[in-house]
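There are 2 protein chains.
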Amino acid sequence: MTFPQNFSLDAIGVVHSPFKEKFGIPRQPGLAQTPAVIELLPPYAVADAVKGLDTFSHIWITFIFHGISTQEWKPLVRPPRLGGNEKIGVFATRSTHRPNPIGLSVVRLEKIEIAQGVKLYIRGADLLDGTPVLDIKPYLPYADVIADARAGFAQKLPERLRVRWHSSARDVAQDISTDSCAMIEDVLAFDPRPAYQDEPLRIYGMHIDKYNVRFRIDEHGVEIVGIEAVISEIR
Amino acid sequence: MTFPQNFSLDAIGVVHSPFKEKFGIPRQPGLAQTPAVIELLPPYAVADAVKGLDTFSHIWITFIFHGISTQEWKPLVRPPRLGGNEKIGVFATRSTHRPNPIGLSVVRLEKIEIAQGVKLYIRGADLLDGTPVLDIKPYLPYADVIADARAGFAQKLPERLRVRWHSSARDVAQDISTDSCAMIEDVLAFDPRPAYQDEPLRIYGMHIDKYNVRFRIDEHGVEIVGIEAVISEIR
Chain A
210 MTFPQNFSLD AIGVVHSPFK EKFGIPRQPG LAQTPAVIEL LPPYAVADAV KGLDTFSHIW
270 ITFIFHGIST QEWKPLVRPP RLGGNEKIGV FATRSTHRPN PIGLSVVRLE KIEIAQGVKL
330 YIRGADLLDG TPVLDIKPYL PYADVIADAR AGFAQKLPER LRVRWHSSAR DVAQDISTDS
390 CAMIEDVLAF DPRPAYQDEP LRIYGMHIDK YNVRFRIDEH GVEIVGIEAV ISEIR
Chain B
210 MTFPQNFSLD AIGVVHSPFK EKFGIPRQPG LAQTPAVIEL LPPYAVADAV KGLDTFSHIW
270 ITFIFHGIST QEWKPLVRPP RLGGNEKIGV FATRSTHRPN PIGLSVVRLE KIEIAQGVKL
330 YIRGADLLDG TPVLDIKPYL PYADVIADAR AGFAQKLPER LRVRWHSSAR DVAQDISTDS
390 CAMIEDVLAF DPRPAYQDEP LRIYGMHIDK YNVRFRIDEH GVEIVGIEAV ISEIR
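Protein sequence lines correspond, in order, to chains A and B.
Residues in the first sequence are numbered from 210 upward in steps of one, following my numbering.
Residues in the second sequence are numbered from 210 upward in steps of one, following my numbering.
Just chain A, with the same shape it has in the complex:
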C-alpha cells in the first residue's frame, strides 16, 4: 500500500443553522443551545437510514468545516483558549485549519422528521449554515464518556460573560421571541470575538438567528448596543 492514501467522501447531509457567518460561532459544541436542522441529501435521505436513532438523546456529527478560507495547513496554530498568543500543534486543538477540514460535534437530538425528506432537529451545534455532513453516529455513553480524562490547556468550560442590553437595544428586544433573545445571549456570553481582538471600545457586528446584533465587550461583560431584524427567511 502506498501513502498518502486519498479518500473521496460524499456529503450525506447539510446543516441549516442560524449561524450564517463563521464569526461568532461558539467554539465548542454544546456551549450554546442553538437549534439547527440536519437535512439528509439524496440518495441518503431515506427514513430507514435513521430508524432507531430517536432512542438516542445525543449524536455525533462528522462534518466538513464550511466557509473557511482555504489557507494552507500549518503544523502550529494559536488556539483562542490560550489568548491567541501561544502556538500549539494543530492535532492538539480542534482548530478549523487542519490537514483534513473535518469537524466533530456532539449535539442533542430533539426530533426526527421523515414526512418530507429526512430532517434531524438538533440543539447545541456549533455549525455554520450550509455545513456539509459526512456522517451521523449515536453517542454511546459507555464508550464515549471518559469521566477521568485529563485535558491539557482546555480543562474547563470557557467562562460565561455577563450580557446586558443597552436601553435602545432593549426596546427593540421587546418584539423578539424569548428563544431568540436566549440564543443571542448564549452566543455573546462565550465571547465570539477572534482571540487576538480585545478592543473594549470597538463595536462588533454579527448575524445571530434572524438579527444583526451590535455589541462591545469590556471587563464588565458584553453590552448589546443595537439589534435589527434581517429580512431573509431562515428556518
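There is no bait here: all hints are sound.
Straight line, CA to CA, 27 Å or less: simulated DSSO-like cross-link-like pairs of lysine-lysine:
1. Lys296(A) x Lys320(B)
2. Lys283(A) x Lys296(A)
3. Lys283(A) x Lys231(A)
4. Lys328(B) x Lys283(A)
5. Lys328(A) x Lys231(A)
6. Lys320(A) x Lys283(B)
7. Lys328(A) x Lys296(B)
8. Lys283(A) x Lys320(B)
9. Lys283(B) x Lys328(A)
10. Lys296(A) x Lys328(B)
Calculated from the model, a selection of chain B residues having no Cβ within reach of chain A, i.e. all distances over 12 Å:
11. Glu322
12. Tyr330
13. Trp374
14. Arg379
15. Asp384
16. Glu394
17. Arg402
18. Ile412
19. Gly414
I should point out that these hints are in silico values taken from the structure, not numbers from a laboratory.
For glycine and all other residues, C-beta sits at the position ideal for the given N, C-alpha and C.
Following the hints, position chain B against chain A.
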C-alpha cells in the same frame, strides 16, 4: 451550491495494531486495552503538529474503516448488540458499512515519540492494522462528556465473558508475556464472533497480537483450546 458535494481527504497517519484481521476486533473502543501506534505520514509527520498533545490523556481518532469489503451501503443494518436479528438504521449504529466509511474512536494517549517520525502510542483502540487515519483531536471532557446521555439499545457496556484456558493451551501460555495473555483474554471476553454465529461446539481461530488463538464459546464463557506463536514481526 450543488449536492451531493464530494470531498477528497488524505490519510495523515496509519495505525500499527496487533489486529491483523477484522474478525475479533472489539466492537467499541476502550473495551479492550489493546496497545497500538499511530504513525503520522509525510507531509504531516512533523513534531510541531503534535506540540501540546501530550497534555491530554485521551484523543479522538477519525479514521477510514479498513479491510472491509466494499459492499454497497444499505439503509438498514443488523447491529451485533441486538443479536444480529433486528434491523436498524445505519446512522443509528456505528456499523462499518455506512455511506462514508468513517470510524470514530476515543483512545488513551500513552506516549508521543518524535525521534524518528512522529508516533503516538495509544491504548484501547479497536483499529485494524493498516487503518488510515484522517484526523486526531484532543478529547475535551467539558464538551465531550455527556453524563446524562440516553443511548437506546446500547446503554451499557457489553457483558464480559469468563475466559478459561484449556490445559494444553495453558502449558503454552507459560511462555507468553502477561501483557499478551491479558490482551488475548480482553479480546475474547467481549465475544469476537460475528453476531449471527452462535455454535457452542465450533472452534474459532483468530489472530491476536503475535498469536493464533483457537477458542470456543458456550454458556459457561470462552475456552481457549489452542494457541501458537505466528512467525512474523509486528509494528
